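A.B. asks: As numbered in this note's numbering, residues 1 to 58 make up the sequence shown, in order.
If you're looking for bench data, these hints aren't it; they were derived computationally from the structure.
Predicted, not measured: the structure shown is a model, and the values here were computed from it.
Just so it is clear, CB atoms sit at the ideal spot from N, CA and C, and this is done for glycine as well.
Keep in mind that the hints are not guaranteed to be accurate.
For each label pair, taking beta carbons as the anchor points, the in silico distance ranges come out as [stated by the list, open to error]:
no., residue 1, residue 2, range
1, 50, 29, 10 to 20 Å
2, 14, 34, 33 to 43 Å
3, 11, 53, 13 to 23 Å
4, 9, 47, 25 to 35 Å
5, 42, 19, 15 to 25 Å
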Amino acid sequence: MADQARPGWIEIVRDRIASDGAVVRASLVGVKGSAPREAGAMMLITEHDIWQTIGGGS
């Protein structure tokens with residue numbers, strides 16, 4: 001169940017589209033061997049911002 005205090009990624013996308021005009025969603029669809037994130041990890045990218053990461057860094 002999603003935490004009600006923090007917006008989910010859909011709300012983040014809506015906010016980013018309103019402020020930046022476009023959003024790219026990058027998703028990790030598979031992992032082979034050792035990796036810092038699991039399959040299903042995702043990040044949102046705009047011209048001016050990122051939200052989360054698929055690489056394990058911040």
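A.B. asks: Work down the list of hints and note, for each, if the structure agrees.
C.D. replies: Hints, one by one, checked against the model:
Checked against the hint of 10 to 20 Å, the pair residue 50 and residue 29 passes, with Cβ atoms roughly 19 Å apart. At roughly 35 Å, the beta carbons of residue 14 and residue 34 sit within the given window of 33 to 43 Å. Take residue 11 and residue 53: their Cβ atoms lie about 19 Å apart, and the range 13 to 23 Å holds. Evaluation of the 25 to 35 Å hint for residue 9 and residue 47 yields a failure: the beta carbon distance comes to about 18 Å.
Between residue 42 and residue 19 the beta carbon distance is about 19 Å. The supplied range of 15 to 25 Å therefore holds.
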